[in-house]
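Q: Sequence:
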Amino acid sequence: MQFLAILLLLSAFLLTRTTRLKSAVHILVAQSVMVAVACASGGLETETTHMLVAAFLTVVIKAGLIPYALFRIVALLEHEREVNPILGPNASSMAAAAAIVLTYATIDRTLPGVLSRDAIATSLALVFIGLLLIITRRQAIMQIVGLITMENGLYLLGLSTTRGLPLIIELGIFFDVLVAVSVLVILTYRIKSSFRSTDTSILKELKG
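Everything in the sequence shown is counted per my numbering, starting at 1 for the first residue and increasing by one.
Careful, some of the hints might be misleading.
Stated by the list, open to error - Pair by pair, the computed Cβ-Cβ distance ranges are:
| no. | residue 1 | residue 2 | range |
| --- | --- | --- | --- |
| 1 | 68 | 105 | 35 to 43 Å |
| 2 | 60 | 154 | 17 to 25 Å |
| 3 | 110 | 172 | 28 to 36 Å |
| 4 | 47 | 183 | 21 to 29 Å |
| 5 | 10 | 44 | 23 to 31 Å |
| 6 | 168 | 90 | 43 to 51 Å |
Calculated from the structure, these hints are not laboratory results.
Here a beta-carbon is modelled for each residue, glycine too, at the ideal position from N, C-alpha and C.
Start from the sequences and build out the full structure, keeping to the hints where you can.
A: Pasting the structure below:
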């Protein structure tokens, strides 16, 4: 799990560095696959069938359907870069590094000796970095990537602390995520159709 935690943190850190939307979606796919691997390995260790089902759904929805929709929108854009973020790549990376250090320090202080230290710290770091992307990026696609990163962190947190939620609850969570992201993708497509861009700062022009 320690090696997988390093890879997950690396994926989140790379998201703060990239400005190309297509690259960000590729990183999100890799991150979601790693979360699915963590879920599947936990299911195999505990012989829990619903965790294997959750891993399969993670691959289908977070590494398949959602990225496919995002790639379709990116392909329609004339300029598929984040050109004017609120925080630049260097500042975002420093904030992400600070979040990682803070989460590990918090876990070591509040839960000393806990077996799932790396998993809990990584999941909290993913949540903070996902929130950072939502707040500091202007492109709607990057904000969706940040939302899925947050959800991956929350799911990993639940996985590391409870060894998987009941299947009916996990199905409900996946359905909620799919519906929410589908609505966001539709809105993003409408923004692109109206303004030839997915820069959400353009929406300020709609103020009466």
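Q: Would you mind marking each hint as holding or not holding in the structure?
A: Structure-based check of each hint:
1. 68 to 105: 35 to 43 Å: Cβ of residue 68 to Cβ of residue 105: about 38 Å, so the range 35 to 43 Å holds.
2. 60 to 154: 17 to 25 Å: holds (19 Å)
3. 110 to 172: 28 to 36 Å: Holds - the Cβ-Cβ distance for residue 110 and residue 172, about 29 Å, lies within 28 to 36 Å.
4. 47 to 183: 21 to 29 Å: violated (37 Å)
5. 10 to 44: 23 to 31 Å: holds (24 Å)
6. 168 to 90: 43 to 51 Å: holds (44 Å)
Consistency with the previously given hints fails for number 4 only.
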